[in-house]
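Colleague: Going down the list, the sequences are from chains A and B. FYI, in the numbering used here the residues of the first sequence are 38 to 148. FYI, in the numbering used here the residues of the second sequence are 38 to 148.
Heads up, some of the hints might be wrong.
Claimed, not checked - Straight-line Cα separation of at most 25 Å, PhoX-like style, residue types lysine-lysine; simulated pairs:
{"hint": "1", "chain 1": "A", "residue 1": "133", "chain 2": "B", "residue 2": "50"}
{"hint": "2", "chain 1": "B", "residue 1": "58", "chain 2": "A", "residue 2": "112"}
{"hint": "3", "chain 1": "A", "residue 1": "123", "chain 2": "A", "residue 2": "112"}
{"hint": "4", "chain 1": "A", "residue 1": "123", "chain 2": "B", "residue 2": "42"}
{"hint": "5", "chain 1": "A", "residue 1": "112", "chain 2": "B", "residue 2": "50"}
{"hint": "6", "chain 1": "A", "residue 1": "112", "chain 2": "B", "residue 2": "128"}
{"hint": "7", "chain 1": "B", "residue 1": "112", "chain 2": "B", "residue 2": "50"}
If you are wondering where the hints come from, they were derived from the structure by calculation, not from laboratory data.
Number of protein chains: 2
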Amino acid sequence: MAVLKFDEVPYEKLKEGLQRKIIHTNNLMTVLIDFSDGPWDERDAPHSHPHEQISYVAEGEIIFYCEGEEDQHLKAGDMFSVPSGKMHTVKLLTSKVRLIDSFNPLREEFL
Amino acid sequence: MAVLKFDEVPYEKLKEGLQRKIIHTNNLMTVLIDFSDGPWDERDAPHSHPHEQISYVAEGEIIFYCEGEEDQHLKAGDMFSVPSGKMHTVKLLTSKVRLIDSFNPLREEFL
Numbered sequence: 038m039a040v041l042k043f044d045e046v047p048y049e050k051l052k053e054g055l056q057r058k059i060i061h062t063n064n065l066m067t068v069l070i071d072f073s074d075g076p077w078d079e080r081d082a083p084h085s086h087p088h089e090q091i092s093y094v095a096e097g098e099i100i101f102y103c104e105g106e107e108d109q110h111l112k113a114g115d116m117f118s119v120p121s122g123k124m125h126t127v128k129l130l131t132s133k134v135r136l137i138d139s140f141n142p143l144r145e146e147f148l
Numbered sequence: 038m039a040v041l042k043f044d045e046v047p048y049e050k051l052k053e054g055l056q057r058k059i060i061h062t063n064n065l066m067t068v069l070i071d072f073s074d075g076p077w078d079e080r081d082a083p084h085s086h087p088h089e090q091i092s093y094v095a096e097g098e099i100i101f102y103c104e105g106e107e108d109q110h111l112k113a114g115d116m117f118s119v120p121s122g123k124m125h126t127v128k129l130l131t132s133k134v135r136l137i138d139s140f141n142p143l144r145e146e147f148l
């Protein structure tokens, strides 16, 4: 699809407190992720993927953890990047957080 | 760089009313663009690039024009995509607009 209008496309609910909407081209995918179960006592389990990732914090505050990097306290307006294969995760510091995650290549498992 | 903290990285000013901040990995680039000279009477000149693009409207309202597609009125929370080589542009409908533009491959001319 050429556009994703927020009000017209339903969320895909992954679990309680975690919903997303996805748009993609051939080699680029952007995932709008809305978390609503923060703040968290613990960070989520770290994970990795071969895809490169860049994320924009659209709402809320998080701690971003990336293998080999200093932990980073980020808030709305900040961005973070994840190189291919690096372990990473986040911890929510606010009740609601929106991340705009972009990936290359496509996360085929999300389709 | 692994993160871009909005308050710590200065804007790159392109012209009056148009400033940006950029983060990238090897094959993925995300550009935070803040427009402050809207609303516009006319759309900007259409342009194209071989890079695929996905944009998130973080603030404001725009009309998004893409070759071969219906014009789209978009607002904060909406997203749009641009296939490789397609002519596209926007028109600002509000005084301030923030777009989060992601590209694959890198826009080398932005570095």
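Colleague: Take the hints in turn and mark each one as holding or not.
Modeller: A quick look at each hint next to the structure:
no. : hint           : verdict
1   : A/133 to B/50  : violated, 32 Å
2   : B/58 to A/112  : holds, 16 Å
3   : A/123 to A/112 : holds, 22 Å
4   : A/123 to B/42  : holds, 20 Å
5   : A/112 to B/50  : holds, 23 Å
6   : A/112 to B/128 : violated, 28 Å
7   : B/112 to B/50  : holds, 24 Å
Against the hints set out earlier in the document, violations occur for numbers 1 and 6.
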